[in-house]
Every structure is written in structure tokens, then in C-alpha cells.
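Produce the complete structure using the sequences and hints provided.
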Amino acid sequence: MTNTEDQKPISNYPLVSFLYSRRAWILFLSILGLIIGIIGIVQSTFSLKTTTEEIEQATDLIKSSTKSLYSIDTTLQKTSETISTRSIGPFPKNIPALAEFISKTKERIIIQTDIPAYGIFSNTTAFSSYQTSLQSLVAESKNVRLIVYGNSGRKSLFANQLDLGKDDWDSTDKFNKFLNSGSNKQKLRKYVETYDLDKSTITTFTDLYYSLDTRNQAFLGVLKEFGHTRIDTVDYNKNPFPIHFWLRDDDACVFSFLLQSEEVSIQTEDPNIHDYIVKYVAEKHPSASPGL
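Residue numbers for the sequence shown follow the working numbering, so the first one is 9 and each next one is one higher.
Be aware that a few hints might be false.
Okay, derived cross-link-like pairs now, DSSO-like style, lysine-lysine, Cα gap no bigger than 27 Å in a straight line [stated by the list, open to error]:
| hint | residue 1 | residue 2 |
| --- | --- | --- |
| 1 | LYS246 | LYS150 |
| 2 | LYS163 | LYS101 |
| 3 | LYS163 | LYS114 |
| 4 | LYS112 | LYS287 |
DEER-style ranges, computed between Cβ atoms [as the list claims (entries may be wrong)]:
| hint | residue 1 | residue 2 | range |
| --- | --- | --- | --- |
| 5 | ASN245 | LEU266 | 17 to 25 Å |
| 6 | ASP278 | THR214 | 42 to 50 Å |
| 7 | ARG197 | LEU170 | 16 to 24 Å |
| 8 | THR214 | TYR284 | 36 to 44 Å |
| 9 | ASN192 | ASN159 | 22 to 30 Å |
| 10 | PRO294 | ASP215 | 36 to 44 Å |
| 11 | ASN184 | THR222 | 18 to 26 Å |
If you are wondering where the hints come from, they were derived from the structure by calculation, not from laboratory data.
All figures in this text were calculated on a predicted structure; none of them were measured in a lab.
Think of the CB as a built atom: it goes at the ideal place given N, C-alpha and C, for glycine as much as any other residue.
Quick look at the structure:
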């Protein structure tokens with residue numbers, strides 16, 4: 009039998025007593041939680057490093073792809089610019105490209121359009137650059153020849169384009185319907201703002217036509233002041249233009265024509281097309297032939 013005197017109570021052993029205490033378990037669980045937390049931090053650090061590396065790799069890939077796309081876009085743009093024949097857009101969106109085309113004239117250019125101030129109402133802002141390009145040419149003593157409709161022809165064209173009868177010219181009702189159609193109201197606002205006009209003075213087609221034709225006459229007058237400009241007028245009713253064109257002396261030209269009620273413009277450096285238009289000028293308007 010065991011001697012009861014040799015069996016001392018647990019309380020006589022402090023360490024053992026502590027291990028059996030509630031405080032010991034709390035301390036143990038705290039240390040265990042700390043260890044787990046440290047392990048979690050270490051794992052998160054490695055995971056974050058891996059994620060950061062993956063993000064950097066993805067960023068490098070995006071940068072590389074962006075450079076490739078930019079290179080492709082640049083190549084396509086340069087290719088488009090060197091194509092012999094290409095579209096420069098429908099009227100009046102073609103006017104900025106026409107202004108640039110005109111500005112590259114070396115010595116001579118011949119232009120056939122229905123009105124001298126091409127696009128002045130439909131794209132007033134772009135027309136300013138178009139006008140500046142032509143004025144710069146004559147200021148540099150380069151030859152400019154315009155083939156346009158005369159005064160009566162421009163008025164007939166205006167009436168035909170807007171389907172005006174004799175009684176419609178001074179009809180405010182029909183004029184207001186015209187303004188409320190499409191973007192005509194915005195075009196009129198831009199036009200009167202650009203030329204500092206009183207909008208209340210343009211309430212009929214008669215008002216609009218004579219306002220626009222005043223700008224046409226002023227445009228021609230400015231070109232004539234510089235010299236080196238020849239104006240040839242054609243009777244719209246007898247000899248309507250099949251196309252508009254801008255013919256430079258370096259085998260480059262732009263020609264515009266109606267396609268399903270929309271005027272489209274094509275720019276070409278094809279010498280054969282250039283020669284066809286030169287022959288057209290020589291046959292239809294011999295006095296205006298530029299001798300290209």
C-alpha cells in the first residue's frame with residue numbers, strides 16, 4: 009500500500025499547479041494565437057510579394073501591348089497617308105482636309121466649286137481655314153484659278169438645293185421649318201456669330217441667300233486684291249458641274265461628286281486621274297486651263 013504521507017497535494021508543486029490553472033491555459037492560447045498570427049503574416053508577406061510580382065508582370069505586358077498597338081496605329085496612319093487614292097470624307101467634313109491640301113500647292117492650283125466660299129454655311133469654322141489657305145497662296149504669288157457659278161447661277165442653285173418655289177423665298181414659315189430640320193439652326197447660329205451678324209436680319213431664304221452671297225463676293229474680292237487669281241464664271245443652267253475638284257500642279261487632286269444625295273470627296277495622287285481632270289478643264293473651260 010502506498011504511504012499517504014508521501015502523496016503531497018498538487019498545491020505543493022507551484023509549476024504543476026500553474027499548469028493546471030486557468031491562467032496557464034489563457035497564456036497558452038495567447039502564445040498559440042501569436043504563433044499562428046506570425047505564420048499568417050509570413051504567408052501574407054510571401055503572397056503579397058508574389059502578387060506584386062504578378063502585377064508588375066501584368067503592367068509590363070500592358071505597356072508592351074500598348075506600345076505594339078501604338079506602333080500598329082502609327083503604321084496604319086502612315087500607310088493611309090501614302091495610299092495613292094483615298095477618301096477624305098463627305099461634305100462638309102472634308103473641308104479641313106481640303107484646306108491642308110490647298111496649303112501644299114507648289115505653284116498653281118485650279119478649283120471648280122459651285123460657290124467660291126465653299127462650305128461657308130455648312131461648316132463655317134472649317135471654311136475659315138480653307139479661306140486662309142487660299143489667301144496664303146496668292147500672298148506668296150502662287151497662281152489660283154477658280155471656276156464657279158456666276159451670280160444668277162448661284163441663286164438658281166440655292167433654290168434647287170432647298171426646293172424653293174417663287175413664293176417660298178420670303179416665307180418665314182418655310183424658313184423656320186428649314187431651321188428646325190437637322191442641324192440648320194446650329195449652322196445659322198455659328199455663321200452669324202463668326203461674321204458678327206444680327207440674327208434678326210435673317211428671317212427668310214432671301215435674307216440668307218444675300219447674306220451668304222455677300223460673303224462670296226467678299227471672298228473673291230480678297231483673293232483678287234492679292235493678284236495671281238483668275239475667276240471664271242459658268243452658267244449653272246447651261247453647264248452644271250458634274251464634279252467639284254481641286255487640281256494641284258504635282259499630280260495631286262481632290263474630286264467630289266454626289267453619291268446617294270451625299271457629296272463625297274476623294275483625294276488621289278494617281279497621274280491618270282489627274283490627267284483626266286486636266287482634259288476635262290481644257291475641253292469644258294478652255295479659258296481656265298491652268299496649263300498643267
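Do the hints match the structure? See the list:
Distance check on the hinted pair: LYS246 and LYS150 sit about 31 Å apart at the alpha-carbon level, beyond 27 Å; violated. The straight-line distance between the Cα atoms of LYS163 and LYS101 is roughly 24 Å, inside the 27 Å bound, and the hint therefore holds. A distance of roughly 34 Å separates the Cα atoms of LYS163 and LYS114; the hinted pair therefore is violated under the 27 Å criterion. About 23 Å separates the Cα atoms of LYS112 and LYS287, which keeps this hinted pair within 27 Å; it holds.
For ASN245 paired with LEU266, a C-beta distance near 18 Å keeps the hint of 17 to 25 Å intact. Look at ASP278 against THR214: about 43 Å separates their beta carbons, and that is inside 42 to 50 Å. Evaluation of the 16 to 24 Å hint for ARG197 and LEU170 yields a pass: the beta carbon distance comes to about 18 Å. Between THR214 and TYR284 the CB atoms are about 40 Å apart, so this pair conforms to the stated range of 36 to 44 Å.
As the Cβ distance of ASN192 to ASN159 is approximately 24 Å, the hint placing it in 22 to 30 Å holds. For the hinted restraint 36 to 44 Å between PRO294 and ASP215, the CB-CB distance of approximately 38 Å keeps it satisfied. Judged by the Cβ atoms, the range 18 to 26 Å given for ASN184 and THR222 holds: they are separated by roughly 22 Å.
Hint violations for this structure: numbers 1, 3, all remaining hints satisfied.
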